[in-house]
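Undergrad: Based on the sequences and whatever the hints tell you, model everything.
Start counting the sequence shown at 130; every next residue gets the next number (the working numbering).
These are computed hints drawn from the structure, not numbers from a lab.
For each residue, glycine too, the CB sits at the ideal point set by N, CA and C.
Each hint should be verified, as a subset may be incorrect.
[Stated by the list, open to error] Each pair of labels, with its calculated beta carbon distance range: (1) VAL194 x ARG245: 41 to 47 Å; (2) ALA137 x GLY164: 34 to 40 Å; (3) ARG172 x GLU211: 48 to 54 Å; (4) ARG242 x ASN169: 57 to 63 Å; (5) LEU219 x LEU247: 44 to 50 Å; (6) ASP243 x GLN190: 19 to 25 Å; (7) VAL246 x VAL222: 42 to 48 Å.
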Amino acid sequence: MSAEPARARIRLDKWLWHARFFKTRSLASKEVGAGHVRVNGDRVVKPATAVGPGDVLTFAQARRVRVIRVEAIGERRGPAPEAQALYSDLTPVSDDTAPQNPGYEGKGRPSGRDRRVLDLSRRGTLE
Numbered sequence: 130m131s132a133e134p135a136r137a138r139i140r141l142d143k144w145l146w147h148a149r150f151f152k153t154r155s156l157a158s159k160e161v162g163a164g165h166v167r168v169n170g171d172r173v174v175k176p177a178t179a180v181g182p183g184d185v186l187t188f189a190q191a192r193r194v195r196v197i198r199v200e201a202i203g204e205r206r207g208p209a210p211e212a213q214a215l216y217s218d219l220t221p222v223s224d225d226t227a228p229q230n231p232g233y234e235g236k237g238r239p240s241g242r243d244r245r246v247l248d249l250s251r252r253g254t255l256e
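TA: Below, the structure is given as structure tokens:
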């Protein structure tokens, strides 16, 4: 018989859904099943993998790699402040943001007149 108490554990896909990293549990399950989530540095492909407090999760989300430490197990998928209490974010803060959309010669969106001029200059080169 074991003298140490059992740690509270929950399915990985369910925890990711409770912590509001994915909108639906099936999306969380697909990401885990595709092998896009690591638990304590090991790649996981089973959504039923058990996680508990102290585990470190690594996964991609919205063009960023998130590193999360599980702090608690949620009873339900509650509001955002409740979900944020379930984890601590270990993701390094970087100033690298996604590149902005290119502008029109640094002047922003072209006007109607500018578009007509561009169209006229393109027609001459193709004919």
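Undergrad: Hint by hint, note whether the structure agrees.
TA: Against the structure, the hints:
no., hint, result
1, VAL194 x ARG245: 41 to 47 Å, "holds, 45 Å"
2, ALA137 x GLY164: 34 to 40 Å, "violated, 26 Å"
3, ARG172 x GLU211: 48 to 54 Å, "violated, 29 Å"
4, ARG242 x ASN169: 57 to 63 Å, "holds, 60 Å"
5, LEU219 x LEU247: 44 to 50 Å, "holds, 48 Å"
6, ASP243 x GLN190: 19 to 25 Å, "violated, 38 Å"
7, VAL246 x VAL222: 42 to 48 Å, "holds, 44 Å"
Hints 2, 3 and 6 from the list above are not met by this structure, while the remaining hints are.
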